[in-house]
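Residue numbers (the working numbering), protein chains in the order written: chain H, 183 to 298; chain G, 210 to 349.
FYI, nobody ran anything at the bench for these hints, they're computed from the structure.
Since this is a predicted model, take the numbers as computed values, not measurements.
Certain hints may be false.
What the hints assert, rightly or not - Below 27 angstroms or equal to it, Euclidean Cα-Cα: the simulated BS3-like pairs (lysine-lysine) are:
#1 K325(G) with K240(G)
#2 K282(G) with K297(G)
#3 K288(G) with K240(G)
#4 K288(G) with K223(H)
#5 K240(G) with K251(G)
#6 K297(G) with K240(G)
#7 K223(H) with K282(G)
#8 K186(H) with K255(H)
#9 K223(H) with K240(G)
#10 K297(G) with K286(G)
#11 K255(H) with K286(G)
#12 K223(H) with K186(H)
#13 K326(G) with K251(G)
#14 K223(H) with K255(H)
#15 K326(G) with K223(H)
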Amino acid sequence: MTVKDIISILDADLISGEDLDREIHTACGSDMMSDVLAFVKDQSVLLTGLVNPQVVRTADMMDMVCIVFVRGKEPGEDIIELAQERNIVLIKTGYRMFTACGLLYENGLRGGCQKK
Amino acid sequence: MSDVIALHFDVDGEDFTRAGEASYGVKRTLKQLGINPEAVRKVAIALFEGEINMVIHADGGVIDIEIDNNQIKMILKDKGPGIPDIEKAMQEGFSTASDDVRSLGFGAGMGLPNMKKYTDSMEIQTELGVGTTVTMVVNL
């Protein structure tokens, strides 16, 4: 699955970022950044309802490729600038967290970690 | 690389939304040095959690990084309130962070457990009312 596929599946809007052909292997949906940091995955997308610069910093520390803001949330200019600097694609979808995660799962994307 | 490379950062305790800049700087430097990506990620995550803790609990502090052929050592030093009960602080889910911090996605009580999980060794020296020093090592 690529970033482009995710935009199509989630009927999402691109906020910033250019490289939409990057391959996504796993996903993580959370509003708790420390939970995101607890599981290392490879080439992931982060789905979140949280909108602040720490979301981008967290994704960057995890080498994540793309952030999806759910429920149509709009990041501010500071967040967009930070994401551009860190080469992370930002998109937003009108779907809520559960539905957005479900749609990606249905299309073959997985969490990439074992049950604890 | 034969010499020890040392990095130093002052962490500003004023602005939580800027916490993480030091970790970003370290991550970028490690990548430029050609350190293996797995080690870079471990250092980045452990340091980021530590830096966030410094800002949340201790009004900032200083971070020193030493990189040699065998390991990356991270020393995080603050003049905060100290940790009354380290064992409790190490428990997943235990947190003393404010609601403000929680609303920003942190304070889930996973910071110290994550730091331990991603490093090969972690040592905490703390004194109430004086401060805390956390020393973490990631082997290369």
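These are the hints, each one checked on the structure:
1. Distance hint between K325(G) and K240(G) is fulfilled; the C-alpha atoms sit about 22 angstroms from each other, no more than 27 angstroms.
2. Of the pairs offered as hints, the one joining K282(G) and K297(G) holds, with about 25 angstroms between alpha carbons and a cut-off of 27 angstroms not exceeded.
3. For the proposed pair K288(G) and K240(G), the alpha carbon gap of about 30 angstroms is over 27 angstroms, so the pair is violated.
4. Using a Cα cut-off of 27 angstroms, the hinted pair K288(G) and K223(H) is violated, with the two alpha carbons roughly 34 angstroms apart.
5. A distance of roughly 12 angstroms separates the Cα atoms of K240(G) and K251(G); the hinted pair therefore holds under the 27 angstroms criterion.
6. Distance restraint check for K297(G) and K240(G): the Cα-Cα separation of roughly 35 angstroms exceeds the 27 angstroms cut-off, and the hinted pair is therefore not satisfied.
7. Using a Cα cut-off of 27 angstroms, the hinted pair K223(H) and K282(G) holds, with the two alpha carbons roughly 24 angstroms apart.
8. Pair hint K186(H) plus K255(H) holds up; C-alpha atoms about 19 angstroms apart against a cutoff of 27 angstroms.
9. Between the alpha carbons of K223(H) and K240(G) the distance comes to roughly 18 angstroms, so the proposed pair stays at or under 27 angstroms and holds.
10. Distance check on the hinted pair: K297(G) and K286(G) sit about 20 angstroms apart at the alpha-carbon level, within 27 angstroms; holds.
11. Proximity of K255(H) to K286(G) is assessed by CA-CA distance (about 37 angstroms); at most 27 angstroms being required, the pair is judged violated.
12. In summary, the hint linking K223(H) to K186(H) is supported, as the alpha carbons are separated by about 20 angstroms, within the 27 angstroms threshold.
13. Taken as a hint, the K326(G) and K251(G) pair is honoured in the structure, with Cα atoms around 9 angstroms apart against an allowance of 27 angstroms.
14. Pair hint K223(H) plus K255(H) holds up; C-alpha atoms about 25 angstroms apart against a cutoff of 27 angstroms.
15. Under the criterion of a C-alpha separation no larger than 27 angstroms, the hint pairing K326(G) with K223(H) is consistent with the structure, at around 15 angstroms.
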